[in-house]
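*Asks:* The lines below spell out each chain.
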Amino acid sequence: MSNVYSPTDPRFAHLGPEKFRLRQTDAVLLDAKFETKPIGFFRDAAMRFAKSKISIVALIAISIIGFMAIVGPYMTPYGYNDQNLDYINLPPKIPALARFGIFQGTRVLQNRRVDALSDTSRYPEGSIIRIDNRRVMGGVELCDVTVDYYRYMGIDDDVYFLFGTDYLGRDLWTRVWRGTRVSLIIAIVSVICNVSIGLVYGSIAGYYGGSIDMTMMRITEIIDAMPDVVVVTLFILYFGSGLISIILALAVKNWIGTARMIRGQFYRFKNHEYVLAARTLGANDARLMFRHILPNSIGPIITRAMIAIPSAIFTESFLAYIGLGIRAPESSIGVLLSEGQKVLLYYPEQTFFPAVIISILMIGFNLLSNGLRDAFDPTQRGTE
Amino acid sequence: MVITLFIIITIGFMVIRLMPGSMYADDADMTAAQMEILRAKYHLDKPIPVQYGIFLRDLVLKGDWGTSIKMYIGVPVFDVLKMKIPVSMYNNLFSLLISLPIGVLLGIIAAVRKNSIVDYTTSFMVVIFISVPSFIFATLLQYYAAFRSGWFPIIYEASATGFAKLHSLTLPIIALSLGPIARVTRYLRAELAETINSDFMLLARTKGLTEAQAILRHGIRNSLVPLANVVIPMFTHIMSGSMVIERIFSIPGMGGLMVSSINNTDYPLTLAVLIFYSVVSLVTVLVVDLAYGVIDPRIRIGGRHIE
Amino acid sequence: MVEKERPILSVDDLSVSFRTYGGRVQAVRGVSFDLYKGETLAIVGESGSGKSVTIKAILGVLPKNGRIDAGSILYNGEDLAKFREKDFHKIRGKKISLVFQDPFSSLNPIMIVGKQITEALTLSLGMDKDKAKARALELLHAVGIPDPETRFYQYPFQLSGGMRQRIVIAIALASDPEILICDEPTTALDVTIQARILDLIKEIKAQRKLSIIFITHDLGVVANMADRIAVMYAGKIVEMGTSEDIFYRPAHPYTWALLSSIPDLDTKEELVSIPGSPPNMISPPKGDAFAVRNKYALELDFEEEPPMFRISDTHFAATWLLHPNAPKVEMPEILAERIRRYAEEKLANAR
Ligand SMILES: Nc1ncnc2c1ncn2[C@@H]1O[C@H](COP(=O)(O)OP(=O)(O)O)[C@@H](O)[C@H]1O
Ligand SMILES: [Mg+2]
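Chains as they are written, first to last, in numbering that gives the first Met the number 0: chain G, 0 to 383; chain W, 0 to 306; chain V, 0 to 350.
Bear in mind the hints are in silico, worked out from the structure with no lab data behind them.
Take these hints with a grain of salt, some might be off.
In silico PhoX-like cross-links for lysine-lysine, where the CA-CA straight-line distance does not exceed 25 Å [claimed, not checked]:
#1 V:114 - V:132
#2 W:164 - G:341
#3 G:18 - V:285
#4 G:18 - V:294
#5 V:94 - V:128
#6 W:164 - W:81
#7 V:81 - W:113
#8 W:113 - V:85
#9 V:208 - V:132
#10 W:113 - V:63
#11 V:294 - V:114
#12 V:63 - V:93
#13 G:18 - V:327
#14 V:208 - V:130
#15 V:114 - V:130
#16 W:81 - W:69
#17 V:36 - V:93
#18 V:132 - V:89
#19 V:132 - V:94
#20 G:52 - W:113
#21 V:204 - V:36
#22 V:128 - V:89
#23 V:63 - G:50
#24 V:94 - V:204
#25 V:114 - V:85
#26 V:85 - V:204
#27 G:50 - W:164
#28 V:132 - V:204
#29 V:89 - V:36
#30 V:93 - V:201
Just so you know, these numbers come straight off a predicted model, no measurement behind them.
With the sequences and hints as input, model every part of the structure.
*Replies:* Right, dumping it as structure tokens:
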């Protein structure tokens with residue numbers, strides 16, 4: 000073994016007797032606890048959350064979309080259902096971005112006769128921007144023409160639609176943000192329903208336990224065994240596809256997961272000393288639930304809610320696609336997507352904006368819920 | 000199981016029969032007499048519990064699912080299903096069968112190379128594929144990989160067979176599979192990463208196995224057992240995703256049938272489709288339970304579930 | 000004692016740290032010890048003192064976030080600290096084997112135990128299947144498992160904790176290692192089964208001329224087992240000596256505390272637990288890590304780490320109390336009294 004010294008080794012001789020006084024104070028016997036003052040659980044979670052850059056980015060993205068969903072529809076002079084058949088299927092035209100060569104309101108018209116290009120009744124002055132791909136087919140010279148579609152359609156230069164228009168000439172900017180708003184409302188309200196039902200149901204089952212619990216859990220098992228598609232479809236077939244009925248349809252199965260989780264929390268915390276202590280001290284049932292057990296469940300509840308929102312947005316779009324969604328002329332992301340799908344091959348831009356928004360929302364909420372889960376439950380994340 | 004199915008059928012039947020409006024309300028050209036004949040033919044004139052009794056009796060005893068009343072007038076519902084089910088199942092099972100191995104493989108790679116570039120890239124893709132709905136991918140694929148580039152047909156070619164059929168189903172299957180692949184990857188990565196840190200993996204290495212041998216013989220096999228848990232939600236996910244995908248690619252399957260039967264108020268058909276979906280998901284649960292028994296000796300021999 | 004030979008394993012100044020979110024955890028800080036042929040060396044210390052990390056470093060199975068910062072681990076003239084993963088294959092199982100603390104988690108739950116034994120033989124020694132099975136049955140018999148033929152085909156969940164630990168020992172012995180490391184092999188077991196497993200380890204050690212590193216947090220367990228004992232605290236060895244040195248002439252206040260905390264079966268005295276908890280290893284305190292919990296701490300303990308002092312040829316301790324200028328501090332009276340009694344008993348037994 001290396002580095003072993005004799006107690007009389009000269010290199011320690013300089014240490015004088017004053018260094019060797021016993022420090023026999025009982026006060027220092029316990030090692031020093033963390034010096035910082037205890038931070039509350041939520042402050043702690045918030046700090047951990049703020050450390051995760053991805054979660055912050057997700058939160059910002061969601062906030063921007065949320066903000067636009069509120070104010071977006073008022074930013075243009077058009078209502079979400081203002082139809083104008085002179086303006087149908089216009090491409091997006093964003094004057095602020097036109098300088099950079101995007102969203103100029105142009106469109107490529109294919110297989111046009113070259114000899115007709117000079118016909119100003121078909122191609123108004125200044126509408127032709129570029130001619131490509133000239134070729135001769137069957138003796139006729141053809142080409143692809145990039146036109147300023149607004150001019151081509153004889154629309155005034157100062158008229159523009161930021162996201163273009165749909166087959167009824169409705170402003171898609173207004174419809175997209177209004178649709179985002181509707182989808183978000185549906186998702187958020189349905190998640191609130193889902194959490195409330197789950198909370199009450201799970202609390203009752205978890206608190207009382209025994210046969211009440213057994214029966215209640217059996218019921219959830221049966222509901223849970225039915226496929227989502229079937230439950231949601233039947234629900235909407237019966238109650239019609241109004242806003243409320245869609246909201247409820249989305250909650251009709253999802254609350255079960257919440258209820259189970261809450262019940263689990265009850266079982267976990269039920270036997271904790273502080274709950275038992277409160278009980279012996281005579282706290283009544285309801286007080287006990289709310290003061291002692293529910294605060295511990297808030298983290299998981301918020302996390303679950305955040306996961307439930309994107310899945311509600313998904314289901315809403317899904318319903319719109321299969322024809323059970325929000326009724327026309329109301330807008331929602333699902334409605335826009337399924338209308339866009341019909342003209343995808345001709346006007347892909349009509350699908351582009353709702354697709355981007357739903358994607359950002361879905362990714363954002365998923366990342367956000369991951370971030371929240373890690374923030375509320377740091378132990379879940381390994382030390383590696 | 001049977002009870003659940005019974006409850007689903009009952010609720011389904013009641014909901015559909017109790018729906019507001021008569022089934023023939025919009026057929027204005029029919030005379031009252033004709034209507035009566037039709038109603039009698041389909042037992043619609045009897046009280047609902049009796050109708051239900053007849054329905055159930057025919058279903059159980061004769062395997063008779065009723066007759067389509069709008070879309071394929073007079074054709075037994077069962078024959079319509081027989082035509083549509085193979086198409087949908089082909090897609091859905093195909094998607095499931097490719098998702099599992101690909102997801103497992105990616106999950107293994109990500110777990111073994113934890114915190115490497117490969118892992119981060121995979122995790123990033125996983126978030127995107129789990130989040131973005133399959134119909135968005137379907138739309139993207141249809142536009143770029145079919146319409147713009149012409150690599151694949153834009154819509155399903157019903158008459159095609161063999162390779163051409165597969166070719167025309169490639170895009171729908173890819174669109175359906177991205178999400179499930181990501182789910183399996185995420186699950187396996189987490190599971191395997193945990194298994195790799197387990198004591199028995201350490202023992203496997205300290206007794207002289209190479210890291211690869213240990214991961215192969217102990218890690219992967221053990222992480223595959225709980226994978227059965229994700230298969231059920233995954234398959235129902237594929238099935239519901241497939242409804243929209245079928246619509247986008249004009250595939251004449253169950254999804255399309257459900258949508259059009261609802262829109263055409265062909266209720267016997269709707270009911271049958273809903274029952275079909277319930278049966279499939281119950282069968283999935285059953286298959287997974289049985290599979291558990293086969294893979295996990297604790298269930299096979301112990302006859303009890305793992306805690 | 001087998002003192003003058005060359006050690007078969009020699010750990011020198013080993014330091015291991017882990018990367019974590021909170022910072023680097025200095026789990027092992029300059030540990031040195033030798034292991035001689037045929038001896039049992041016990042490493043004793045509270046949980047978290049770095050015992051498992053030390054042996055994981057020896058076997059090259061540190062978690063991915065850990066690394067050896069300094070030191071050497073000499074075995075057969077080679078430095079295991081510099082080994083790469085593939086170099087370890089000729090060592091693990093074949094030369095040095097490990098038995099873990101928890102037999103409930105150290106066996107693969109979905110593989111029959113027989114296969115878990117033969118695997119080591121077929122995969123890493125290239126033995127053929129039948130031979131491996133015969134050898135496995137032999138081993139099962141050797142570790143005291145009745146009816147090996149049946150047990151061979153059973154899964155871990157069908158066996159009791161004691162049985163499983165025997166299986167783990169059989170696995171460890173499969174390739175005839177020279178050194179057996181037991182990491183708290185009895186901690187997870189009932190007291191009665193503990194004793195049997197300890198007997199088994201003693202027995203196989205004698206039969207196979209093994210050298211054993213026996214890790215425990217309970218000095219009581221190694222009393223009849225260890226030839227030498229190293230006491231570890233906060234990633235360092237604070238005292239090391241023969242079993243007699245440690246039990247009859249303990250020199251470090253931490254060892255005193257550990258010894259006082261062994262429940263005394265004879266007198267049923269209340270056991271004296273050590274106040275406080277081990278320090279945070281992300282930023283270990285200045286001076287002696289044990290100082291804040293030490294009733295006998297000196298001013299100097301808070302300033303400077305005590306070096307390892309030689310008490311005799313076999314006995315070393317890292318405490319300033321050994322310095323000539325230190326006040327003459329005696330071990331706690333209950334402990335001294337206990338030691339006197341043990342010594343008398345031992346004498347009586349010897350007669
Ligand atoms: N993978 C790891 N990451 C971070 N810290 C670790 C890791 N493994 C062990 N440690 C730390 O190293 C210290 C020693 O652990 P260990 O050797 O397991 O203690 P014990 O003496 O009980 O066996 C502990 O403080 C533990 O927190
Ligand atoms: Mg340990």
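*Asks:* Which earlier hints can't be squared with this structure?
*Replies:* 11, 26 and 27
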